[in-house]
Amino acid sequence: MATAPHRGCSKQIQCDARHPLLAPNGCVYHSVIYNRMKSLRSWGGALGIRQEHRFRSTFPGGILKSHKLTRRARKIGAASLLFATLLTPVAAADDKKPASPGITDKATLELMKKQHEIGKVADRIEEARPETDATGLSGFYVDAKQNRLKVYWKGDVSKAALQAIEQAQAKGVTVEVIPAPYTRAHLRAEVKRLGEVNMTGARVDGPSLVSAALKYDGTGIVLGVSGMSANVTTADARNAIPGIASAVETEVVPDEMAADTSRWDDIRPFYGGGYIERRVNGTFAGSCTSGFAAQAGGLTFMATAAHCGTGDHFTGAGTYIGATAGAVDVAHDTQLIVTESAPLIFDGGSIWNERPQFTKTVSGASGTRTGEYVCVSGALSGAACPILVEQTGVSYRSQSGLKIDMVRGGRETIPRRAAAGNGDSGAPVFSLDGDARVVIRGVQTAGTNVPELWDPCEGVPGEGQPGGLAGRRCSHRIYFSDVTFTMRALGITVRTG
21 MATAPHRGCS KQIQCDARHP LLAPNGCVYH SVIYNRMKSL RSWGGALGIR QEHRFRSTFP
81 GGILKSHKLT RRARKIGAAS LLFATLLTPV AAADDKKPAS PGITDKATLE LMKKQHEIGK
141 VADRIEEARP ETDATGLSGF YVDAKQNRLK VYWKGDVSKA ALQAIEQAQA KGVTVEVIPA
201 PYTRAHLRAE VKRLGEVNMT GARVDGPSLV SAALKYDGTG IVLGVSGMSA NVTTADARNA
261 IPGIASAVET EVVPDEMAAD TSRWDDIRPF YGGGYIERRV NGTFAGSCTS GFAAQAGGLT
321 FMATAAHCGT GDHFTGAGTY IGATAGAVDV AHDTQLIVTE SAPLIFDGGS IWNERPQFTK
381 TVSGASGTRT GEYVCVSGAL SGAACPILVE QTGVSYRSQS GLKIDMVRGG RETIPRRAAA
441 GNGDSGAPVF SLDGDARVVI RGVQTAGTNV PELWDPCEGV PGEGQPGGLA GRRCSHRIYF
501 SDVTFTMRAL GITVRTG
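Start counting at 1 in the sequence shown, then tack on 20, and there's your number in my numbering.
Worth double-checking, as some hints may not be accurate.
Derived PhoX-like pairs: lysine-lysine, alpha-carbon spacing no greater than 25 Å straight-line [claimed, not checked]:
1) K191 - K170
2) K191 - K165
3) K133 - K170
4) K134 - K165
5) K133 - K191
6) K212 - K179
7) K165 - K133
8) K126 - K165
9) K170 - K134
10) K212 - K134
11) K140 - K165
12) K165 - K212
13) K191 - K212
14) K126 - K179
15) K179 - K191
16) K126 - K191
Read the hints as simulated data drawn from the structure, not as lab findings.
Working from the sequences, and respecting the hints, build out all of it.
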């Protein structure tokens, strides 16, 4: 591995052209902390956001501890970092961490505990599936409240899948196998084809296809069309948009284009759920949220949404995080930033308010099924939970291109409350594994352009709210990637602790 100066600066980087995830020149920034202790050209500073920051340090014995610092203390952060171990920690690593309000209530924890066990059953069935157009798995529906898993299957169920089902039933999980007319592989291929042929990603006057999704029960696909009446029929849509004709059973619903959607001042190793911003030639070019720590080939990464833009990424206070790796999973809207990362995510309040920040340890990763409940932790909106998974296998084309195998969900609260909005893209989507651990499900990627589905933003106020940020809109409905597809596409694993 050679060391060479980076173009345009004197910092040293390490280069290894053999690594598949690095940039084309095979280079990655060496581990340095690049602090800019000056005001930033960002809306965060313009809004006068008061923040609570943390320095982290490794104590003797490798125990990671957290320290809360005020913005005033942050001004002397460069010096304070050298003496961080002398500060009084908020909580030792083996102390019970404080639970974040509204996200770890007993009912939600119990529900997700059951869901976690049902998910293991579904994982074993997934591993056992012989999936072709002719026979195989069609889909799942998880009903954690009833401790039930519905398995939809075309043709004869494989012996390995039957064995997994019998083992689950012996442990008290009710598993129901239901015949289906299509396999998931067949429906996925058709949804992808229709998206590639019909979705442009640009707003058009008149009827257009804006989304396509698998039905979880394997009975067909659902196509979302814009520019047509609320009572649109499949026949009407096919007449108006000839390209959506399909041999697969199709349901048409009115829809609108998905809208592409940080905490403020993290330090190395970086956590998921933190505020990140991209800069081009030193100029602010947009803000998003860090997702989850990943690893491959001896390198560590931080995942975020691909539509946030590739290049150099920084924290809100100017600390350099890293550059985008060469491989980007555009189809599942995920990119990797080459950096030091830790298997933890931020929880609790957003960068806007005075609610304290918490952290949760990542214990694993899992695919997502219809009927499950998840949470999201965006830097601008804070943590939101529970979110009911309404549909999997969703394809849509937003301003940043065609996305496939995505998940759509809605925050299940009365009255309705927003789950995420602009600036939360890339945020970790997860399920709870106890009160201090989480299972990564993916990264948040989009919201909705349907005004009737917009909700007042939580955390950083949005457009139309007092002191709101222009262009920021929020909704209880979100889209997110399924981490299992991203792991396969990029050859990574989620870091766990």
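Structure-based check of each hint:
1. A distance of roughly 16 Å separates the Cα atoms of K191 and K170; the hinted pair therefore holds under the 25 Å criterion.
2. For the hint pairing K191 with K165, the CA-to-CA distance comes to about 16 Å; that is within 25 Å, so the pair holds.
3. The hinted pair formed by K133 and K170 meets the criterion: a straight-line CA distance of about 18 Å does not exceed 25 Å.
4. For a cut-off of 25 Å, the pair hint linking K134 to K165 stands: about 8 Å separates their Cα positions.
5. Note on K133 and K191: the hinted pairing holds, with a Cα-Cα distance of about 14 Å set against a maximum of 25 Å.
6. For the hint pairing K212 with K179, the CA-to-CA distance comes to about 30 Å; that exceeds 25 Å, so the pair is violated.
7. Of the pairs offered as hints, the one joining K165 and K133 holds, with about 11 Å between alpha carbons and a cut-off of 25 Å not exceeded.
8. At roughly 14 Å between alpha-carbon atoms, K126 and K165 fall within 25 Å of each other, so this suggested pair holds.
9. As the CA atoms of K170 and K134 are separated by approximately 15 Å, the hinted pair is consistent with the 25 Å bound.
10. With a C-alpha separation of about 33 Å, the suggested pairing of K212 with K134 is violated against the 25 Å cut-off.
11. This hinted pair checks out: K140 and K165 have alpha carbons roughly 16 Å apart, not beyond 25 Å.
12. A threshold of 25 Å between alpha carbons decides the hint, and for K165 with K212 the separation of about 33 Å lies outside it, so the pair is violated.
13. Distance hint between K191 and K212 is unfulfilled; the C-alpha atoms sit about 38 Å from each other, more than 25 Å.
14. Between K126 and K179 the CA atoms are separated by roughly 38 Å; this puts the pair beyond 25 Å, and the hint is violated.
15. Our distance criterion of 25 Å between C-alpha atoms is met by K179 and K191, whose separation comes to about 19 Å.
16. Taking the CA atoms of K126 and K191, the gap is near 23 Å; set against the 25 Å cutoff, the hint holds.
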